[in-house]
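Fit chain B to the supplied structure of chain A, relying on the hints for placement.
Residue numbers (the numbering used here), protein chains in the order written: chain A, 1 to 318; chain B, 1 to 318.
No copy is singled out in the list; a pair is fine if it fits within one copy or between any two copies.
DSS-like cross-link-like pairs, simulated, lysine-lysine; straight-line CA separation at most 27 Å:
#1 K4 - K310
#2 K55 - K2
#3 K109 - K2
#4 K248 - K310
#5 K4 - K55
#6 K248 - K185
#7 K109 - K4
#8 K252 - K179
#9 K117 - K144
#10 K248 - K235
Derived by calculation from the structure, the hints in this document are not laboratory data.
There are 2 protein chains.
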Amino acid sequence: MKIKDIGERALIQRISGLLSGADDIVVGAGEDDCAVIDTGGDDYLLVTTDMLHRKTDFPLQMTGRQIGWMSVAVNLSDLASKGARPIGVVMAMGIPPDTEVEFIEEIVKGMDECASKFGTRIVGGDTDAHDELTLVGTALGMVKKEHLIRRSGARPGDLVCVTGHPGTAGAALFALDKKITVSQKILNALFEPVPRIYEGMALSESLSVTSIMDISDGLALSLHDMSRAGGVGFKIYESRLPVLPDVKRLLKEREMLEAAVFAGGDFELLFTVAPEKLDKARKACPLTVIGEVIENGVFIERAGRVEELKARGYEHFS
Amino acid sequence: MKIKDIGERALIQRISGLLSGADDIVVGAGEDDCAVIDTGGDDYLLVTTDMLHRKTDFPLQMTGRQIGWMSVAVNLSDLASKGARPIGVVMAMGIPPDTEVEFIEEIVKGMDECASKFGTRIVGGDTDAHDELTLVGTALGMVKKEHLIRRSGARPGDLVCVTGHPGTAGAALFALDKKITVSQKILNALFEPVPRIYEGMALSESLSVTSIMDISDGLALSLHDMSRAGGVGFKIYESRLPVLPDVKRLLKEREMLEAAVFAGGDFELLFTVAPEKLDKARKACPLTVIGEVIENGVFIERAGRVEELKARGYEHFS
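Chain A extracted, bound-state conformation (with noise of 0.2 Å):
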């Protein structure tokens, strides 16, 4: 049997049972968008790592300095997503040997761009000729033992919120495909997103969030994931997804709901919240409430129909 014929999710879930685990391992391969180690202070110790190459994420429309910054920025929507604050990002790359020695430049300044926006630096990396342009950045971060929120947690009633305008990322692939001319902002939420550290931090110490995890693989996706983890389901209603005006504009219905659940590439944050506690998850950041945790399924409601929605969006090996 071939990896294709299983899929990025069901091959990482046979990778991680081969693992072995360990008592100072909080959370494992395949729990969660970081592993958490507990190094004996006050504070978790998380890290994440992620593979990019040219192909598949670099469409040819990024700069040198998007790449870099994309690179980086991966990683650290990863880490927003458990509430850390990250203190230091790794890099390697793979780059073909006939590769201006300026665009790698450019591609590290960017690097050092995202890392510096959010608080921490590129502190080390690695070199090696490859046929084809990949970075592989891996990205530290510490988050307080009480504040660590994990993919499970949801309890039914909660409501469920998002950061930002998921489906503009999806809306700029859709442009980019399509040869239309779309404004700047939806081309930077797809090469120069915005990784919501500062949102992850401040709402993991509001103690309001009782789930999280990000939606750069899609809403879909995301939601499935956070059902798994958690034992429960999700109830989202299409009218409240917070769609941008120049994406409403942009799209038809149908390419609209495919942006904003499906297409991935926007690094928001989904989450969980207890009614009671609305008030102060808006205190530490802007959101969107865009529907309930429920006991079983994954479902939208669209024109006053509730649908299931499909475990669909952004996956490897497809």
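Just chain B, lined up with the frame of chain A:
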């Protein structure tokens, strides 16, 4: 100008020059085998990353298990060279979609085996569809602040020491290239290298070592790296290189020098010790004295003649 025109070490210097520093980054990119972060406790946090891929790093004779072992060992060797105790490894895996699932499972078992052998675990990772099998590990470690040893720190008059038997991995490469059958012991030096985690920890705790790094890129390049880092020189003696008798039988004199000094692939530690502390270092781990620290230059004495030792060895993009 292209990357291949400047080579790996110059590229790393240029990249490092573009990165911002910070007070809590004790050792940053390009300065040592690991980055060192001060998280405020009694220990430093160390992090290192290495990118390996099929064409360059995994000869076809390697099993899946050995590929997995190697991908972890190469990172642990960097931790070993700073005396760190490993606390976790994450692994990003770029996998061609038509790879057999069983082969990936063998690789993962090899990773788990190597991590477990040295007291740590694979705590997380990422999977990605990639044209070429590409494994990027990142290892985290901790070391007491007073036990951290750098590449710099050697003083003229110090003794130059190595662990193990440099040249064994080079001999295996030679045998594979010439299709000569050699012992499993020699092949394993190349295919299942043993990171010197316990030796590194014992050496750093012995407080006898003035500078240290690993020699996986070859003894010659490592001596030049330590020379640049510490502002000192080195003189080593060919006759003192602890080459295995099996390797001596296999190789002619010139080939032996090539294997032991230039070929790389040995995951041994190169370190310097003040003469009066040699007994302390010997109690920490088996070692061989191969030369001494001098004011400047890097030299080797061969058959009574002192020659300059060129900065030649394993470099990407060349």
